[in-house]
Structure formats: C-alpha cells, structure tokens
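Undergrad: Take a look at the letters that make up each chain.
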Amino acid sequence: MPAAVLPPQFSDLEPFAKTWCLASEPERYAKRLASSMDELQAFYDAVFPRAEEAVAYCDKFPLHDLPDDVHRLLLLLYSLILVSFAVEIWRQPCIPDTGTASFELKDAPVP
Amino acid sequence: MIKQSPTRAPKQYPKPPEGTWTEHYPELGTAPVSSESSISPEFFELEREAIFKRAWLNVGRVEQLRRNGSYFTRELAVAKTSLIVVRGMDGAIRAFHNVCRHRGNRLVWNDDPRVESKGNCRQFSCKYHGWKYDLDGKLSYILQEGEFFGIAKGDYGLVPVHCEVWQGFIFVNLAGEPIQSLLDFLGPMITAIDYPFHNLTERFSYRGDIRSNWKVFLDAFQEFYHPPILHGRQNPVMSNAEYQRMGFYTMHFQIDGPHRVGSTSGGGGGQLPPEALNPIEGVFRSGLFGPWDHADLGTEGFPPGLNPGNKKRWGLDSFQIFPNFAIVFWETGWYLTYHYWPIAHDRLLFEATAYFVPARNVRERLAHELGIATIKEYALQDCGTLEATQMGLESRAVTTFPLGDQEIMCRHLNKVVNDWVSDYQRSRAEV
Numbered sequence: 019m020p021a022a023v024l025p026p027q028f029s030d031l032e033p034f035a036k037t038w039c040l041a042s043e044p045e046r047y048a049k050r051l052a053s054s055m056d057e058l059q060a061f062y063d064a065v066f067p068r069a070e071e072a073v074a075y076c077d078k079f080p081l082h083d084l085p086d087d088v089h090r091l092l093l094l095l096y097s098l099i100l101v102s103f104a105v106e107i108w109r110q111p112c113i114p115d116t117g118t119a120s121f122e123l124k125d126a127p128v129p
Numbered sequence: 004m005i006k007q008s009p010t011r012a013p014k015q016y017p018k019p020p021e022g023t024w025t026e027h028y029p030e031l032g033t034a035p036v037s038s039e040s041s042i043s044p045e046f047f048e049l050e051r052e053a054i055f056k057r058a059w060l061n062v063g064r065v066e067q068l069r070r071n072g073s074y075f076t077r078e079l080a081v082a083k084t085s086l087i088v089v090r091g092m093d094g095a096i097r098a099f100h101n102v103c104r105h106r107g108n109r110l111v112w113n114d115d116p117r118v119e120s121k122g123n124c125r126q127f128s129c130k131y132h133g134w135k136y137d138l139d140g141k142l143s144y145i146l147q148e149g150e151f152f153g154i155a156k157g158d159y160g161l162v163p164v165h166c167e168v169w170q171g172f173i174f175v176n177l178a179g180e181p182i183q184s185l186l187d188f189l190g191p192m193i194t195a196i197d198y199p200f201h202n203l204t205e206r207f208s209y210r211g212d213i214r215s216n217w218k219v220f221l222d223a224f225q226e227f228y229h230p231p232i233l234h235g236r237q238n239p240v241m242s243n244a245e246y247q248r249m250g251f252y253t254m255h256f257q258i259d260g261p262h263r264v265g266s267t268s269g270g271g272g273g274q275l276p277p278e279a280l281n282p283i284e285g286v287f288r289s290g291l292f293g294p295w296d297h298a299d300l301g302t303e304g305f306p307p308g309l310n311p312g313n314k315k316r317w318g319l320d321s322f323q324i325f326p327n328f329a330i331v332f333w334e335t336g337w338y339l340t341y342h343y344w345p346i347a348h349d350r351l352l353f354e355a356t357a358y359f360v361p362a363r364n365v366r367e368r369l370a371h372e373l374g375i376a377t378i379k380e381y382a383l384q385d386c387g388t389l390e391a392t393q394m395g396l397e398s399r400a401v402t403t404f405p406l407g408d409q410e411i412m413c414r415h416l417n418k419v420v421n422d423w424v425s426d427y428q429r430s431r432a433e434v
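From first to last, the protein sequence lines are chains A and B. The numbering of the first sequence is the working numbering, which starts it at 19 and goes up by one. The numbering of the second sequence is the working numbering, which starts it at 4 and goes up by one.
Among the hints, a few may not be true.
Output of the computed footprint for chain B on chain A, the stretches with three or more beta carbons under 8 Å from beta carbons of chain B [claimed, not checked]:
| # | segment |
| --- | --- |
| 1 | 62-72 |
| 2 | 86-99 |
| 3 | 109-117 |
I should point out that these hints are in silico values taken from the structure, not numbers from a laboratory. As the structure is a computational prediction, the values presented were derived from the model and not from experiment. Glycine included, every Cβ here is placed at the ideal spot set by N, Cα and C.
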C-alpha cells in the first residue's frame with residue numbers, strides 16, 4: 019500500500035491522486051486530452067460529490083501556507099474544473115471545433 | 004428586389020433616434036464591407052506602417068515592473084522589432100529597441116532570441132562583444148574603447164521608443180514623433196475610465212498562435228451576435244430559448260475616435276435558475292461571467308467611465324482600444340484584457356489576460372480558476388472557427404460581407420483601419 023498523499027478524510031480519492039495531482043494547468047489540460055471518457059467520467063464521479071467538502075477542508079488553512087497534502091487536494095480540484103467541461107458539456111475530452119488551435123499558459127498565480 | 008431594413012429591436016434594447024446604432028454614426032455607412040484587407044499581404048504591409056508604427060500600443064502593466072531595474076522584452080513581429088521595457092533606477096519606465104548599438108545584436112534575451120524574457124538587473128550587457136548600457140539607455144562601457152575611431156559613447160545610447168502610462172497600462176509608440184500624445188490618442192471616452200486596476204493584481208494569461216488575420220479574429224471578440232450560436236452548447240445561458248429565437252442584443256454601443264465600446268446585460272451565474280447552470284458552476288460559484296460573488300475593489304462607489312450608456316441591467320463593458328487592445332470590465336469586479344498581435348496577413352498572436360483582486364482563500368481562488376478555465380474553453384472554440392473563416396475568405400469566393408446593426412463594432416474597426424491606411428498613403432504621396 020503506497021503512502022497516502024491526500025488528507026485522511028479524502029482517502030477514498032487516493033486512487034486518483036497519482037494521476038491527477040498535477041502542478042500546472044498545461045499538465046492538467048494535456049492529461050484531460052490524453053484520457054478516455056471512461057477515465058474522465060470515473061474521476062468526475064469520484065471527486066465531484068466531494069468537492070464542496072474539499073473546499074471547506076482546504077479553507078481551514080491559509081491559502082499561501084497550505085500543508086502538502088492539502089495542496090494536493092487543491093490540485094485535484096483544479097483538475098476537476100478542467101475535467102468538468104469534458105464530462106458536463108462536451109461529452110468528449112477536447113473542445114469541439116477547435117482544429118489545431120491551442121493556448122499556452124503564460125502567467126498563473128501560486129498556488 | 005426588396006431590400007430588408009433593420010426592424011425594430013425589442014423595447015428593452017432601445018436604439019438611438021435614427022433607428023439603428025449604425026445610422027447614429029452616419030460616417031460608417033451601411034453597405035457591405037470588403038474582405039480584401041483581411042487576406043491581402045500587400046495590405047498587411049501597409050497596416051504595419053500606417054497603424055502599428057503610428058498608433059499607441061499597450062505592451063503591459065506597471066505591476067510587471069515592480070522594482071527599479073525590473074524589465075521585460077516584447078516581440079513585436081508586426082513592426083519587425085523587439086522592445087525592452089524597463090523601470091530605471093530613478094523609477095521611470097522607458098522603452099528601447101532591443102538592439103545593441105555596436106553591430107546590431109539583439110541585446111536582451113536568454114537561450115532563444117525569439118523568446119521574450121524578463122528579470123531584474125542594473126545594466127544591460129551585450130552577449131556579443133560586451134558593450135554595456137545603463138537602464139536609461141546610455142552606453143556606459145565599450146570593451147577596448149581605445150581601438151575605435153573617434154567614438155563618443157554619448158552618441159551610441161539605445162534607440163528609445165516613445166513610452167507613456169495611462170492607469171498603469173504601459174503604451175509605446177514606434178513613430179519618430181507620434182501624431183498625438185497618449186491621452187489625446189485615447190480620447191475622452193477611454194480616459195474617463197478611472198478603475199482601481201492596481202488592486203487587481205492576480206493575473207492569469209493565455210496566448211495562442213492562430214492562423215487568422217488579426218481583424219477577422221478581433222471582430223469575433225467585439226460582437227455579441229455569435230455567442231448564442233457558436234457557444235450555444237457550452238452554457239445553458241447561451242442556449243436558452245429566448246437567445247436562440249431572437250438572438251442577443253447589445254444594450255449600448257458608443258464610438259469615440261478610433262475606439263469603441265459595447266455594453267451588455269448581466270446574467271451572472273448567481274442570478275440564474277439552477278437548470279441554467281453547469282453543475283460545476285454551482286459548486287465553485289463561478290463560470291462564464293467569472294466569480295458570482297462581488298470582489299471588494301477597494302474603492303468607493305462605481306468606477307467612473309464604466310457603463311457609459313448608464314444602463315440599469317449593466318453587466319459588462321467591452322472597450323476596444325485601437326488598434327489591437329481590449330479591456331472587458333465585468334459587473335462582479337474583475338477585468339480581462341485581449342491583445343491581438345499580427346504576425347502576418349493570415350496569422351496572429353492572441354493574448355487573453357484575466358485580472359482579479361487576489362484570492363484570500365481557496366474558495367475564492369477556485370472561483371477565479373473556473374472563470375479563466377471557462378474563458379479558455381470559449382476562446383479556443385472561437386480560434387478554430389476563425390481559422391475556418393480565414394480559409395473561407397482566402398478562397399475569394401466571397402469578397403464582401405454584410406454587417407448587421409449588432410456588428411457595428413466590426414464595421415467601425417474596418418473603417419478606422421481603412422482611414423489610417425488612406426491617411427498614411429496620402430502623407431507619403433505629399434512627401
């Protein structure tokens with residue numbers, strides 16, 4: 019059994035932590051594009067119902083001094099945001115009708 | 004053949020006494036406009052000289068140069084140059100062509116001379132032969148100075164570029180002598196804006212290299228005619244029956260010189276019924292219109308200059324500052340900027356930047372994250388479509404396009420571009 023990386027209350031989400039706790043938006047977006055809809059749906063179905071509780075838990079800590087496990091929980095929520103578009107709207111990993119157009123992220127706040 | 008005239012708009016979207024927004028500005032005309040200026044390499048060469056080397060261009064904000072010695076470089080492909088923008092040891096912000104006065108090497112860059120860089124330094128030193136410049140552009144050091152013939156360091160400072168600041172936005176002008184000062188160029192409608200930009204320092208920025216003419220691209224970002232259709236699937240707000248049936252109406256248009264603004268109603272997610280929301284929006288209280296909860300802008304009252312039409316149900320202003328800069332203010336207290344940097348007649352670098360009052364906790368941070376993620380999903384749909392539009396125009400199967408009253412902003416940009424090019428050609432002919 020690998021060591022837990024998320025806060026104990028969220029141990030049910032551990033199976034997704036290795037895949038989806040990604041440090042930057044480009045990594046998260048690339049992961050979404052590289053995933054199947056079954057994988058995205060499974061992630062969404064597991065994390066979405068816990069999102070409200072996860073936000074409340076993260077907010078017990080100062081934004082700029084999150085313990086590592088709480089920071090990883092936040093990264094999981096960032097991934098949920100990107101995955102939600104594929105699951106709730108597009109029903110496919112990529113945005114329809116975008117052709118080869120792509121964006122790079124230039125600036126983003128930390129964390 | 005019966006020609007259709009615009010019919011009356013719904014009474015909640017009143018138009019000027021002339022009957023339409025377009026006819027309120029008679030110099031715009033109502034005829035179809037030519038698409039040639041979006042597909043012609045020759046016209047693009049004229050735009051470089053007539054517009055991008057004569058107009059004031061926004062290259063960033065003062066918060067990007069926080070300390071004395073802070074600098075960034077900007078690649079301006081449209082003017083075939085690179086600029087250094089720097090806060091000197093005296094605190095003043097200056098701009099220079101990023102070129103060593105010795106043998107023309109690009110002065111400031113890391114690893115790849117085509118990639119923009121930023122940092123903090125006390126002087127600029129050329130990678131080639133080590134000539135050094137102070138941050139105010141003065142040449143301070145020549146290696147083996149005694150080997151040169153009659154050289155005076157005072158004659159070899161960096162080539163300056165006119166640089167002025169309005170509300171924290173840094174503008175440059177590449178003309179030898181600008182036709183107007185920055186404030187005169189911006190004019191009364193834009194300079195009426197007094198917004199606490201300095202309090203919105205949390206910044207997200209995307210950029211994309213898109214195969215479309217800069218005006219074809221910009222046009223999609225300055226009209227609200229397309230969202231219910233192109234973005235109809237993305238958001239239940241956009242796909243609602245009213246918009247699908249009767250289209251979307253902009254509440255107020257205003258034109259001032261080369262600049263323009265369109266204002267629309269609100270409809271931020273917080274005011275919508277649950278069935279009009281994507282589930283994620285309800286959890287993070289954010290979405291298409293940005294965070295639902297109003298940010299504390301740290302100022303008293305409503306910022307001057309916004310909502311110029313004084314509309315009751317005001318939700319956003321889309322100010323289009325000629326030639327390639329836009330600021331979009333949202334009712335809930337955040338703003339977006341767009342920059343459209345032409346690279347060729349059929350290619351541009353698009354930059355979208357969102358600014359928020361810094362998040363105080365994870366909940367606020369996530370609301371910002373969902374807002375900017377939504378923008379990306381939208382804007383990439385536009386990008387794909389606008390590459391398709393460029394391909395359509397390049398075929399020359401159609402050579403003019405009709406523009407409706409809701410597309411007055413596109414008509415205005417088209418006219419201003421043509422006017423600036425004509426004015427440039429006239430001034431060249433007189434020389």
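Undergrad: Identify every previously stated hint that the structure contradicts and give their numbers, smallest first.
TA: none
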